[in-house]
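If you want the building blocks of each chain, they are given just below.
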Amino acid sequence: MRVGIPVEARPAERRVAGLPETVTTLIGAGLTVDVQAGAGRHAHASDAAYRAAGANVIADHPAGQSDVIVSVQPPTPEQAAALREGDITISFLQPSGERELIDVLVANKVTAFSLDLLPRVTRAQSVDALSSQALVAGYRAVMEAASRLPKFLPMFTTAAGTIPPAKVLVLGAGVAGLQAIATARRLGAVVEAYDVRAAAKEEVKSLGARFLELDLETQQGVYAEAQSETFLERQRELIAERVAASDVVISTAAIPGRKAPVLVTNDMLKAMPPGSVVVDLAAESGGNVTASSPGEEIWVGEVLVYGAKNMPSSMPVHASRLYARNVANLLMMMTKDGQVVPDLTDEVLAGCCLTHAGELRRELP
Amino acid sequence: MRVGIPVEARPAERRVAGLPETVTTLIGAGLTVDVQAGAGRHAHASDAAYRAAGANVIADHPAGQSDVIVSVQPPTPEQAAALREGDITISFLQPSGERELIDVLVANKVTAFSLDLLPRVTRAQSVDALSSQALVAGYRAVMEAASRLPKFLPMFTTAAGTIPPAKVLVLGAGVAGLQAIATARRLGAVVEAYDVRAAAKEEVKSLGARFLELDLETQQGVYAEAQSETFLERQRELIAERVAASDVVISTAAIPGRKAPVLVTNDMLKAMPPGSVVVDLAAESGGNVTASSPGEEIWVGEVLVYGAKNMPSSMPVHASRLYARNVANLLMMMTKDGQVVPDLTDEVLAGCCLTHAGELRRELP
Amino acid sequence: MIDLLTIFVLAVFVGFEVVSKVSTILHTPLMSGANAIHGVILVGAILITGRAEHALEITLGLFAVFLATVNVVGGFVVTDRMLEMFKGHRTAKPVKSAANGHKEVGE
Amino acid sequence: MIDLLTIFVLAVFVGFEVVSKVSTILHTPLMSGANAIHGVILVGAILITGRAEHALEITLGLFAVFLATVNVVGGFVVTDRMLEMFKGHRTAKPVKSAANGHKEVGE
Amino acid sequence: MSPTWVQLAYLVAALCFVLALKGLSTPKYARAGNLLGAAGMALAVVTAYVHGAVHNGLLILLAVAAGVVVGIPAARSVKMTAIPQMVALFNGVGGAAAALVALTEFLAVPHGSVLFQVATVLTVLIGSVSFSGSVVTFLKLQEIMTTRPVLLPAGQLLGLGVAAVSALLALSVVLTGSSVLLVLLALAGLALGVLFVLPVGGADVPIAISLLNAFTGLAVAASGYVLANTLLIVAGTLVGASGTILTRLMAQAMGRPLTNILFGAFKATSVAAATDEQRTVRAGTVDDVAIMLGYAHSVLVVPGYGLAVAQGQHAARELAQVLEQRGVTVHYGIHPVAGRMPGHMNVLLAEADVPYEHLKELDDVNPGIGSVDVVLVVGANDVVNPGARDEPSSPIYGMPIFDVDRAKAVVFMKRSMRPGFAGVDNSLLYNPKTTMLFGDAKESLTKLLAAVKQV
Amino acid sequence: MSPTWVQLAYLVAALCFVLALKGLSTPKYARAGNLLGAAGMALAVVTAYVHGAVHNGLLILLAVAAGVVVGIPAARSVKMTAIPQMVALFNGVGGAAAALVALTEFLAVPHGSVLFQVATVLTVLIGSVSFSGSVVTFLKLQEIMTTRPVLLPAGQLLGLGVAAVSALLALSVVLTGSSVLLVLLALAGLALGVLFVLPVGGADVPIAISLLNAFTGLAVAASGYVLANTLLIVAGTLVGASGTILTRLMAQAMGRPLTNILFGAFKATSVAAATDEQRTVRAGTVDDVAIMLGYAHSVLVVPGYGLAVAQGQHAARELAQVLEQRGVTVHYGIHPVAGRMPGHMNVLLAEADVPYEHLKELDDVNPGIGSVDVVLVVGANDVVNPGARDEPSSPIYGMPIFDVDRAKAVVFMKRSMRPGFAGVDNSLLYNPKTTMLFGDAKESLTKLLAAVKQV
Ligand SMILES: NC(=O)c1ccc[n+]([C@@H]2O[C@H](COP(=O)([O-])OP(=O)(O)OC[C@H]3O[C@@H](n4cnc5c(N)ncnc54)[C@H](OP(=O)(O)O)[C@@H]3O)[C@@H](O)[C@H]2O)c1
Ligand SMILES: NC(=O)c1ccc[n+]([C@@H]2O[C@H](COP(=O)([O-])OP(=O)(O)OC[C@H]3O[C@@H](n4cnc5c(N)ncnc54)[C@H](OP(=O)(O)O)[C@@H]3O)[C@@H](O)[C@H]2O)c1
Ligand SMILES: NC(=O)c1ccc[n+]([C@@H]2O[C@H](COP(=O)([O-])OP(=O)(O)OC[C@H]3O[C@@H](n4cnc5c(N)ncnc54)[C@H](O)[C@@H]3O)[C@@H](O)[C@H]2O)c1
Ligand SMILES: NC(=O)c1ccc[n+]([C@@H]2O[C@H](COP(=O)([O-])OP(=O)(O)OC[C@H]3O[C@@H](n4cnc5c(N)ncnc54)[C@H](O)[C@@H]3O)[C@@H](O)[C@H]2O)c1
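Protein chains in written order, with full-length UniProt numbering: chain V, 1 to 365; chain D, 1 to 365; chain Z, 1 to 107; chain B, 1 to 107; chain W, 1 to 455; chain S, 1 to 455.
Looking at chain V on its own, in the form it has when it is part of the complex:
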């Protein structure tokens, strides 16, 4: 069967779903790989490199030619229209977003897997693109903050006086949050973090950072559940003082399938030291920071708020590498004797399959 790797269809997407190294893996499993020319451009993977790995470099989008289309962003409805019955797509479908696309997939009886939906179970870890891309996002969030901060992160005692270490507050200690904590700590910042999940406390401490103990109820489970507005109100009140004391705030709080909780208001920002920087990784899903807007830098008083937009794309080589391996691992789970035949009784595959045989398998929110 043929696996197709297209040029990403959406603006500003710089990742790619397959790299020469994963092409080799797929071919080793008996698959044939089509790569659209220029697909790896931003990830610095040349067409020549794909060819060298054994791929078939084609000029156009592989939809209609390949049986399996793997991509980072979902295909456009137009591209999806070219898919044939039984074709498979793998991408971040962001199911809540594009009704039109999903209608096309259902109509064409395409089997569509969305990596957003992957169950976070042990066995699925090698396929867990949410984790791998959150790793990139968490790291980059600190880089973006550090680049924009008119101050040092580490402490320096010098002949021209002492520079105190920057104070970094991380809100939400999921995968991205933890990585942000680790990276900021590496750079010498004094880091504290908060998360509603009970398990987060130990995890934050396991990175050597301080956990912000708030007088708020905690939650169990892998994902946080939506919080009431009164809860959030109280949370904002309690963290206001810590926000005011921070030079950098990195917010990553999210609730799967929901709008992100608002944790930082403009009033809170105004109390921060002039020149402080806020990076809102949740900007695309509504924002933890009232002022943030995806992809934009907004000044609120003397505080700079940067809303993240597709953060992983800012580091396309490694983000692509991780994503491509996740995708290859998923394909390996479905491939037998050179055929991609997803077993939809498998918990993992069933969990992330959105459409199959003309059926929408998940309720859309």
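Just so you know, these hints were derived from the structure itself, not from any lab.
Don't take each hint at face value.
To be verified - Partial list, computed: chain Z residues near chain S (C-beta under 8 Å): (1) Asp3; (2) Leu4; (3) Thr6; (4) Val9; (5) Phe13.
Said to hold, decoys possible - Below, in silico cross-link-like pairs of lysine-lysine (DSSO-like), each with a Cα-Cα straight-line distance of 30 Å or less: (6) S:Lys22 with W:Lys453; (7) S:Lys447 with S:Lys433; (8) W:Lys22 with S:Lys433; (9) S:Lys360 with B:Lys21; (10) S:Lys360 with S:Lys453; (11) D:Lys109 with D:Lys205.
For every residue, glycine included, the Cβ atom is placed at its ideal position computed from N, Cα and C.
Fit chains D, Z, B, W and S with the ligands to the given chain V structure using the hints.
Just chains D, Z, B, W and S with the ligands now, with coordinates in the frame of chain V:
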């Protein structure tokens, strides 16, 4: 006597030579301080803050009003023309650059101190703005490189495969180079470095990095002396292989008062992994990298070359703080009973005094 | 007699001091070694047998010699076997500095 | 006599064992303490004086008693003075974790 | 009085014994110590023979030969696992020999001084106790009889009774000098030994052996008073004293106060450590683990989330460095999902400056893991759970793991038997290859560091 | 034979002495050990008096009282710095007492067994050597005579001559039993002692005292044979043995092999360690520093470039942590220009995870530095050079420094006496408050860490 802090006259200069905290120091020493409105804008020091510290906020450039003008960049020749006999200026005069300005300073019998010329002796360390700004530059160089690199610096072993640590090569291990080494190491990169000075080897190792041993003669002394073209030719040959193996090159090699040595040619860049980043801190003094140009990002094949331009200005709050303290310390060395009376027999003051009483005290190169 | 008591006290002291800081893994070999040492009763057995004249005494004495010999030789041999694990230890290598060790980590 | 030799050997052993791991700073107090202990010659001095009958013996014995007493009392007192520095030691505080210690560092 | 040369030879032998014990208490000199002990013994025996075997020289030689013929092959052929019972047996015959010596001497000289009489009864009594006690421990360990505590009805009372009888008999012997009573005393001692050891349960048997060993030492010392032989006194006392200390140390190492074992034995409170379902867990001490590590050729450290929680990264690196200085090869096995975020272990170990080239991945490690001497699992759990490989029903089935169960030995450092993130039980914790070192990882590592420097 | 109770009392006293020495070798039990020794002594003396003072009881009491009256005030009032010579003096009188005891006994019983005779001449000879030797060391230390080695013309020959005469006299006494010869032997011993100590230079005198102390112990042990008194034998031997070991340890600690001191003394190669210009440097051992640190209340660590070069940051942090666990307050003094780039120490210590709040700057530290017990200067130099503060002519004059010379004690960890970056000599290295701990900073710190855990 009156000390004046103007708005910086040169484009893209975001630092300021005095901050409210140093204003307090100066007033404590019996001086009066004039601050031009908006001087601390980029450094997030408001006019109100200056006023609160006791400064006199004025609308125009203080030349002609204040007896001592402190700034980061030198005044323009026009501003200098307003200076009166016996007035004092302190700034980075970059003596080699502006003949016209210096002529004005001599003509007006201004006493001009250039922090570029400060002797690097123990006693002068608290005044050593070259060091303090190089600290900023070295740190920022890594931030700039990390932001532009489409890869991680640290190593990660993840369910989606292992990301190897980035390899960073630092050329020139002066103050900025050492700081770059330290910062890159903090972020988890594998760092190696080279410098012609014999003392550098131990210094590089003292930061936990690898010193590149080349079959080249080493130099003694605080500063490197100009190298012959054959030496540089041989150096380029020897480091070519290490450049090719690096994901990031940060070059800081400089020889005071001379053009920076060329260490990295375009051919060498082409051997680097695609997506690699080169930051040339010496770009403004001619460049260690053939392709670099100050303030620009230039692609050489798939390698991005970033030429630094006024790197410290990218972090104006802390860069200003360090610079302002250096300046305040220098003023303290010259102030007695509320009068700024430089003793030009003092080795340090004599060393950095460029013009005095209508005399040019240093040969211009 | 008090001399023998003094000897006893001093020997107790030496016995305590000598094994006071032994690590767990050596407990069994040490016990076994000590066990072999109390086989020194063989000396006593030889002495009494060597001056015994009655058949009963000789028989008992010889039996004591036999038992004590088993204790001695068995004890030392078994201890030696237990200690074989401590044989293969090498000399120390020079310390590798962790800091300079950050070298080539290929992809 | 061999018993006395055995005692001697065992005492040598105890003497060796007991001080074999002493730290430098205790060298002088230990020397001084040992010095006080050999003042036990006072016992010998008392014994000979106690049975002496001739004036010369008595005189010599009493002088020995005097000297030995000086040795004993001076030795112990001086040692005690030296050891005063080891008096004031407190109990351990709970371990502070370095990692969580990164807290508020004000400007 | 024996001639001076004899006494000197004995003194030298005694010295050898002291040094032997000293050697045996450090791994480095243990073998040399044992050999020196043997040399001292040879000297003493030859001296005794040359000087003391006035009569029956040939017979004595024959008896010695017989002892050698029985003792050496027994000691040589015994399986490593059966060594404890062999030691028990050797101890028993030593005790018997002491009792016999005293008995024989008593037959020859029934009316010595009081000290002589007292020494004689002590030797006979303690020797007999030691003999029969050792035989019972042998039977237990060899599983000829049950290893569980044997509780006779009214066993405690019986014990006290026999003890009282023995005391009475001993007193009578001293008063009357009757050899018949002495033989009866020996029999009473035999009974006492049996009663003493019967209630001791499997796990405590080694401690009982050590105590009986000290007893035999005392018997020999007492026999030294009987024969007025300084060597026997010194050597016996040495063994008695060091045996006592050793017994205490062993009891401590097993976390059971000595009194508890001594009197607890009678109370039969002692049972073998066993969890439900018959799965036993072996908990080691810091010293055990230190020696395993210190004498290993290659060690693999598998860090996990617990190392991060304990913030023990610095201690781990130091331990590895100390081991490397000893010539041990140390690597870190970095599992892709160890910890709680991707790259958690990288961040952690980088903080402690662990060189990158020491970090190994699954594929680097697993092929050669069979030749790793010790795997030190520090605060990891799921990532070494063989269930992920072997049990298709396991919720973590399919996750790649480090196959540490294929290494020669495994040490787990964690605080409890609780499972890891996945909440799945780990059969490796119950593997006979596994030693548990319970406690906070940082604390354990720090102690281990100190201990490794000692071995 | 003395009655049993007396012998038992002596035995208890001997035990006390053993435990006293044991206590004295660990800081924690040193005081208790000394007290126990004193208690044992009291027991022994009272016993001897009660049992042995058949005649002259009152006189003996008076003599004891005189000794107390002289000894206690002397020991109490002596200045701490003068204690070594006081110890020497006490040692000397002990030796003299032993010699007198043997002499007196010999006068009473001139013709004992050979052993008695040999023991007598040994006691007298060694006691005399010890006495006169001690007196000379006292004179040296008290600076009543020169502290430099005194080299008599042909001193070595003279020494050998006197030794030969002594040997001859000793032999004659044993053969003839002449008390006159014995007195002559005592005189020869006195001469020998003087000749032995004269060539020893200032720095080696403490070692000589320790050796003389061991001598006195041996003299007392020998006197035990003279009087057939086990206590004297045991106590004397203990002191002799431990004194010998101690002498070796002291010699080692000063880096001088014992043979060198013993025979070097005669060869007069031994000179006080003194650099040119009379500036002496005091080099300490790891153990010294460990005890200084372990028993301090507050410690300031001043790291410098050398710590970075040695990459000893992890070891430094661990040491600080161990000290904190003992209750010592530890801070780091971060000098603005320590190292070779701005913030060098920050980067370095952050790598080892030193908490920021432990880092103190000049202004935080200098005002209270007088109350710091120990400043540990690790690989720093210029930043603590008092020349920068006090000597206007110094090239580094004007640089702010840590005023560590105002702290109670300073330890320098560096590899040599070489200057730092500025190339300027540092007078603090020669300050009497300063102890140098030479060696690579990381290695020294690692050793220190191990040593601190012991004290
Ligand atoms: N890496 C990722 O991205 C990621 C993300 C989410 C989840 N996970 C999951 O996390 C798990 C990682 O495996 P793992 O082996 O690293 O961890 P683990 O299976 O969770 O085991 C950690 C063990 O450490 C012990 N521990 C905790 N604190 C300790 C302390 N202070 N001292 C000593 N031991 C301590 C615990 O036992 P005691 O309580 O008995 O001490 C526990 O069994 C996997 O199941 C993985 O799927 C990974
Ligand atoms: N911070 C900056 O920005 C900067 C920049 C340039 C220059 N400087 C200058 O550098 C100096 C810094 O002062 P400092 O006190 O940190 O350093 P320092 O005065 O240079 O002294 C460092 C000391 O460390 C010792 N050392 C070197 N390697 C060692 C090792 N492996 N183990 C133990 N000791 C070792 C050396 O003595 P041994 O050789 O005897 O071991 C040396 O005396 C100042 O003079 C400053 O002006 C500073
Ligand atoms: N099974 C596995 O192996 C595996 C692998 C990767 C991740 N995970 C788990 O997935 C979970 C989350 O990962 P994610 O990064 O995708 O989460 P996410 O992006 O959905 O959310 C980020 C974080 O925001 C937090 N949050 C929500 N509301 C908040 C509020 N009001 N205030 C503060 N914080 C708030 C959440 O608790 C969460 O930790 C974690 O529990 C992680 O352990 C499991
Ligand atoms: N006395 C003090 O307290 C003090 C304070 C700060 C700095 N300094 C000294 O100042 C000196 C340099 O500081 P800087 O940062 O201003 O230097 P710089 O900016 O002038 O030069 C940077 C580095 O480039 C190196 N270089 C020149 N040609 C090279 C080549 N061909 N290849 C590789 N490297 C080359 C130089 O050796 C120098 O180390 C250092 O020696 C430093 O120790 C001293």
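Checked hints:
1. Asp3: 6 Å, holds
2. Leu4: 11 Å, violated
3. Thr6: Hint on Thr6 of chain Z: holds, closest Cβ of chain S at ~5 Å, below 8 Å.
4. Val9: Holds - the Cβ of Val9 of chain Z comes within 8 Å of chain S, reaching about 6 Å at its closest.
5. Phe13: 6 Å, holds
6. S:Lys22 with W:Lys453: Holds, because 23 Å separates the two Cα atoms, which is no more than 30 Å.
7. S:Lys447 with S:Lys433: Roughly 22 Å between the alpha carbons, so the hint for Lys447 of chain S and Lys433 of chain S holds.
8. W:Lys22 with S:Lys433: Roughly 41 Å separates the two Cα atoms, so the pair is violated.
9. S:Lys360 with B:Lys21: 37 Å, violated
10. S:Lys360 with S:Lys453: OK: Lys360 of chain S and Lys453 of chain S at ~26 Å, within 30 Å.
11. D:Lys109 with D:Lys205: 48 Å, violated
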